[in-house]
Amino acid sequence: MKIGKGEIIFAVITVLFVASFFYGMAANPGSEFGGVDGAAEEVITDVTGGYEPWIGNIGFEPPGGETESLLFALQAAIGAVVIGYFFGYYKGKGRSD
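Position in the sequence shown (from 1) plus 802 gives the number in the numbering used here.
Read the hints as simulated data drawn from the structure, not as lab findings.
Don't take each hint at face value.
[Unchecked claim] DSSO-like mimics (lysine-lysine), calculated; alpha carbons at most 30 Å apart, straight line:
no.	residue 1	residue 2
1	K895	K804
2	K893	K804
3	K807	K895
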């Protein structure tokens, strides 16, 4: 089995991503993951002095944290299936040529 250039690049990117994650966890012990929306709101408030959203939410509030986690995991799974499909499609297309 020959390891191709694409697999090596993918492995290097994966190792860098995992290493940066663990470095972030070690550099900030006891920190919690915060949402990007909250961080962006703080920066906008600091820069402009005030923040007023242009549009509200769509009115759907999940009944609990478990449902919110489920929806997030479902979104990630669908994205992984789509990305995996295209990787497989192009890999298979390359073998058929």
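**Asked** Which numbered hints does this structure break?
**Response** No hint contradicted; all consistent.
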